[in-house]
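Engineer: Each chain, written out:
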Amino acid sequence: MKSAYVIKRILYSIFVFAVVITLNFFIPRIGVDDPAERYYPPQGNMSQIEYEIIKQVTRQQYGFHVSTWQQYLNYLKGLSRGDLGTSFRPGSPAVIDLILERLPWTLVLSVSTMLIGLTIGVLFGVVAAVKRGRWQDTMLLNASTVMVALPSFFVALILSFYLGFELGVFPAYTDSTMVSSFTWTWESIARVAENAALPVMSMVVGSIISYAQGTRNAVIAVTNEDFVLTAKAKGLKQGTIRYKHILRNSMLPIVTSLGMSISGLIGGQVVIEQVFNWNGMGTLFLAANNSNDYPLMMGIMLLLSGFTIFAILVTDLVYVLLDPRVTVGDKR
Amino acid sequence: MEPILKLRNLKVVFPTNFGLIRAVESVDLDIGDRECVALVGESGCGKSVTSQSVMRLIESPPAVTRVDAIEFAGRDIKDYGPKQMQEIRGKEMSMIFQDAMTSLNPVMTVGNQIDEMYRRHQGDSKKAARQKTVRALELIGLPEPTARANSFPHELSGGMRQRVLLAMAFACMPKLIIADEPTTALDVTIQAQVLKTLRGMQRGCGTSLLLVTHDLSVVASIADTVYVMYSGKIVEKAPVKDLFTAPQHPYTVGLMAAVPRLTDEKRKFTQIPGAVPHPARKPSGCYFHPRCDYATAECKKEMPPLVKSGADREVRCFHPLTAGGRQ
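Top to bottom, those sequences are chains X and V.
Quick note, the numbering used here runs 33 ahead of the 1-based positions in the first sequence.
Quick note, the numbering used here runs 1074 ahead of the 1-based positions in the second sequence.
Hints in this document: simulated from the structure, not taken from any laboratory.
Just so you know, even glycine gets a beta-carbon here, dropped at the ideal spot from N, CA and C.
Among the hints, a few may not be true.
Covered stretches of chain X (in silico footprint by chain V; criterion: 3 or more residues with CB under 8 Å from a CB of chain V, positions within the stretch not fixed) [unchecked claim]:
1. 196 to 204
2. 347 to 359
Straight-line alpha carbon distances no greater than 27 Å define the calculated DSSO-like cross-link-like pairs of lysine-lysine that follow [to be verified]:
3. K1201(V) to K1165(V)
4. K1157(V) to K277(X)
5. K164(X) to K1157(V)
6. K270(X) to K1249(V)
7. K1157(V) to K270(X)
8. K1375(V) to K277(X)
9. K270(X) to K1200(V)
10. K1270(V) to K1085(V)
11. K277(X) to K1085(V)
Model the full assembly from the supplied sequences, consistent with the hints where possible.
Structural biologist: Here is the structure:
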């Protein structure tokens, strides 16, 4: 029964990904007669014949000279080899290379934010739930009210100003040679950590609070469930009730929100990366958008949606491990 | 008969925004050794709060509990700390809840949930506990107990789940079991089987039973002594036979008249007029007087005391019905 569910989920994810690939290919082509014009908009000082020649060359170079269906098949063929196309940038770099160059730097920020946020957040949430109504709980409530009104880029600006410029504890914005001079030495790693400190701090505050709030609410909801009273009536120790009965059941909604946030890991934090001049996926996407670099945008979008689908699949599969009831709906 | 439980003057109050909710008002309860006592009343009359107070399971805050004595198996447990209560709960007194679906942890196998009893109170290893669990499930009449122990609650039927709760409650052979509406969530045929099992286990294990229910047919089939509760107060106490043959309190009479009977189809199905008073706005005098056919001016002014009205009987009424007619 369980393996049937798992296989069904995997097939479903593959289907969704196929739809995404197709949409990703066709949407940028809606309303465009000639993709070459996107690449090379007409310029004033150019004669009609010159422009036609340039467009012809461009079409050949990027494979726009064949029919749209043929292009789609070529695109699929390319994908199967891991080729996401060629960027419109000077020198025509491969999209996949541009992405792979930036991805690790985005992951540095997002994974550390998630891990720190999750650990501290769940801990705070459990404490707030256990000390419900006391100062620990009130503090969390007040903090989350404040954080709702404070967007992360504002926190970023404040941190950058005080910790960066005024006190000089951490670099106010990223050292431009950090990426180019990176080697696997402790010194280099320490430098990355130093540069990442402020961006991570600006994002982690919100992350801690949202995980803490989610955990607190889940734990309180589960604490009011009948089976917790049963556990109490069995004479179980407080700790056993908390860890074996309450915590495991409250992890279910947290796994969901974790799964949702995993998909955001590679998207890059566009605004935060801009504020700290961090060369990650966010800045890459912004650059692609500003220069009409369609192949690059398509590549990033495909990666994002693929990762989201994967994250949801993983969440669903983790659910099967955590909650035996998950497959029930499937049987009927 | 040496009583296993002597509850004296239990009061439970919930302060709320709409005023004080006096859930339980001065309730005394005696349960003898191997006796089955039923606590009967409509929903909201305080019977669940009373039964949970016996196990000291009512959270305070929000509740405020005052009690003169909870004498259990020869000692007063009213001032026991959380650790001491943990030792008693499950081991010497245990509870069976109404809805087995929500009362069992959905992400743990039922076997593991019963194992917990043995591991906590008898210090058994995982393996030894499981052996006892399987034996308990077998005793309670669950087919294929070894396989069933590895099932999750949602994989069992309602009757099976209730049996799991029974097995759990009887696991450590407690002196007292409190069953809070143990059969209400089941359909009638399963209800009868589960009740039969409960009664059989209670007799076999020599356990006392406090049965909380609103179902008079359940009471008639297994109780020895009955307490009738109305709006937080005990209104009548009697041995089960006496109660059914000669109810004394008008409320008890009303309850019995409201039970549909197969034998007289033509008789109209009666009901007690009005509704249970809101617990924060209880009427003056006798709480039942607005719904009572026999109420007089005295009933409106003063709460009648619980007085002895026969052998082992007590009633809280100025005008109790007697065998010889109305006084």
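Engineer: Does each hint fit the structure? Answer for all of them.
Structural biologist: Now the hints, each set against the structure:
no.	hint	verdict
1	196 to 204	violated (count 0)
2	347 to 359	holds (count 4)
3	K1201(V) to K1165(V)	holds (20 Å)
4	K1157(V) to K277(X)	holds (18 Å)
5	K164(X) to K1157(V)	holds (19 Å)
6	K270(X) to K1249(V)	holds (21 Å)
7	K1157(V) to K270(X)	holds (8 Å)
8	K1375(V) to K277(X)	violated (53 Å)
9	K270(X) to K1200(V)	holds (17 Å)
10	K1270(V) to K1085(V)	violated (33 Å)
11	K277(X) to K1085(V)	violated (33 Å)
In this structure, the hints that do not hold are numbers 1, 8, 10, 11, in rising order.
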